[in-house]
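Colleague: Residues per chain, in single letters:
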Amino acid sequence: MKEKQPAYEVSPVEQERQAFRRRQNLRSVLISIASTFLFAGAIIATLHFAPGWPRVQETYFSPRFFVESFPYVLEGLWLNVRVLGYSLVGTAVFGTLLAVVRISKSPVLFPLRVIAQAYTTIMRGIPMLVVLYIVGFGIPGLEIFAGRIPIEVLGTIAITMSYSAYIAEVLRAGFQDVSPQQRASARSLGLTSGQTVRLIIIPQALRKIAPALMNDFIAMQKDVGLISTLGAIDAVRAAQVRVALTFNFTPYIVASVLFILLSVPFIILNDWYTAKLRKREQSGGMV
Amino acid sequence: MVTTENIQTQGALEPVCQNNKAVLRLDNVVKRFGTNTVLDHISFDVNKHETVAILGASGSGKSTVMKCINLLEQVSDGQIWLGDLDITDPRVDSNKIRARIGVVFQHFNLFPHMSVLNNVTLAARKVFGWSKGRAEEKAMALLKRIGMDQKAKEYPDRLSGGQQQRVAIVRALMMDPELLLLDEITSALDPLLVGEVLDMVEELKDQGATILMATHEMHFAHSAADRIVLLRNGKVAENGSPEEVMDNSTDPETRAFFRSFRE
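Residue numbers (our numbering), protein chains in the order written: chain F, 1 to 287; chain L, 1 to 263.
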């Protein structure tokens, strides 16, 4: 939109074009405003006239139960945050190892390569919940370790196992996407193989796959809520307990709101980082 | 700095190199990929301050020679000498050898995630352990010489192809290599940008650099090279001055190859 009067003379053709664009712009803005109101109105009307709405509202969106259950759920969330933190580190390490093994060419590593491939294939196929059950009840069942294994540990192991498989595939794609000529170029300068991976390959790969990694991270954050199935009092289980006590479902909404709030900073960070990359390396003019 | 002493290994290396002036000597180098022989007993020298151009049709083995010299490919047989060191000996530290040879590639291969300055100083800092200040001082001096000091903080994708390639040459020159390998450095450039890169090569030659270049630029090879090595089917078909090889060869195949050039 050209609102300012340009300092130079504009031909009648361009003036006409600008006027046309302004009209077009105004028209699209009006249409979008109208459609937004229409859509919002339709939803509100549907809810308002639904015969069960007052009951649903009271069951899911009760301010009283929201305030009352909030401290319990928040306390549970702290467990999710801890497991998320441990899993993040575990996944980063184990996922990178898997990816490096997957792309290695050394004949010595052939058996490991097969195992890594089988692992990523199988683990990506098993539902997260099943992994949690197997790890959460299977490992203690082995009775190798004396005493009770904390659920934090079991949950971390299960989530790390599952998400490493996803992360490894994303990392592998990223590593392989860096042109082999970049490696040749780095080696020609005398950099060792390790330096080449560290200074040239990984930084370029990470830039390319940062959005995908962030996406997996946000999904992981959500799945951390599944550790409630192991009996841990996390945010979801705390909400469940409150629901059982009060027969009101608002605590679930509390848990959802907290999980959303937890993910917002990362989503913003992701968007910011992606935008920054796009701005700087827009053309990606390198081979 | 890397010196010859710390590259020397315990292996009994006999002083085979008779020609003291030779910076690089290829001695019956063979390279096979499976059953396909790409280099078939290649021998030639590059002497100090000499510019040698490797010419040949596509697939004649030009790039493979370059890769073998740079140790990006392992030779299947024969020896390559850098000074009086056999660099095909598996006991030598190939990273240190690579650091003594400057390489410029067809596709520039600057690191896109590093500024021009970091591209140029990377080897000095990470391979030779120079301080950041020392490396940047030298890099800026080199960039100034090619009029690129204003672009030191830019990222490679902000530069034209010719500018990128000139930065890549500076990066290769940073550690004062004994030998400069130029692997078809103008092939990926817009014709208008070829000139600025070739001018820079000419300038380096005048300053006494030892250069081995694979190229398709016949006119440039003719005017800039001291010697032409013509490869055909993985063999050295001709090895002589530009006039001998490109203008006056009696070999019918050589004449056919240079026909379009001569006309």
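Please keep in mind that the hints were generated in silico from the structure rather than gathered at the bench. C-beta atoms are modelled at their ideal positions from N, C-alpha and C, and glycine is treated no differently. Keep in mind that a hint or two might mislead.
[Unchecked claim] Covered, in the sense of this in silico footprint (three residues per stretch, anywhere, with C-beta under 8 Å from a C-beta of chain L), are these stretches of chain F: (1) 36 to 42; (2) 183 to 196.
[As the list claims (entries may be wrong)] Distance ranges between label pairs, derived from CB positions: (3) F/Asp-177 - L/Val-30: 28 to 38 Å; (4) L/Gly-147 - F/Asn-215: 36 to 46 Å; (5) F/Ile-134 - L/Ser-58: 48 to 58 Å; (6) L/Leu-192 - F/Ala-212: 34 to 44 Å; (7) F/Ala-212 - L/Met-140: 31 to 41 Å; (8) L/Gly-129 - F/Asp-177: 25 to 35 Å; (9) F/Gln-181 - L/Gly-129: 22 to 32 Å; (10) L/Gly-240 - F/Asp-177: 50 to 60 Å; (11) L/Glu-154 - F/Glu-9: 50 to 60 Å; (12) L/Val-30 - F/Asn-215: 29 to 39 Å; (13) F/Thr-274 - L/Asp-77: 29 to 39 Å; (14) L/Glu-154 - F/Phe-37: 40 to 50 Å; (15) L/Arg-134 - F/Asn-25: 53 to 63 Å.
Colleague: Now, for every hint given, state plainly whether the structure supports it.
Modeller: Structure-based check of each hint:
1. 36 to 42: Answer violated; 0 residues pass the 8 Å Cβ test.
2. 183 to 196: holds (count 10)
3. F/Asp-177 - L/Val-30: 28 to 38 Å: holds (34 Å)
4. L/Gly-147 - F/Asn-215: 36 to 46 Å: For F/Asn-215 against L/Gly-147, whose Cβ atoms are near 44 Å apart, the range 36 to 46 Å holds.
5. F/Ile-134 - L/Ser-58: 48 to 58 Å: 57 Å Cβ-Cβ, so the 48 to 58 Å window holds.
6. L/Leu-192 - F/Ala-212: 34 to 44 Å: Hint holds: Cβ distance 39 Å, inside 34 to 44 Å.
7. F/Ala-212 - L/Met-140: 31 to 41 Å: 38 Å Cβ-Cβ, so the 31 to 41 Å window holds.
8. L/Gly-129 - F/Asp-177: 25 to 35 Å: holds (31 Å)
9. F/Gln-181 - L/Gly-129: 22 to 32 Å: Taking Cβ atoms as reference, F/Gln-181 and L/Gly-129 lie about 26 Å apart, which means the hint holds.
10. L/Gly-240 - F/Asp-177: 50 to 60 Å: violated (45 Å)
11. L/Glu-154 - F/Glu-9: 50 to 60 Å: violated (36 Å)
12. L/Val-30 - F/Asn-215: 29 to 39 Å: violated (50 Å)
13. F/Thr-274 - L/Asp-77: 29 to 39 Å: This hint is violated: roughly 51 Å between Cβ atoms.
14. L/Glu-154 - F/Phe-37: 40 to 50 Å: holds (48 Å)
15. L/Arg-134 - F/Asn-25: 53 to 63 Å: About 56 Å separates the Cβ atoms of L/Arg-134 and F/Asn-25, which means 53 to 63 Å holds.
Checked against the numbered hints above, the structure violates hints 1, 10, 11, 12 and 13; every other hint is satisfied.
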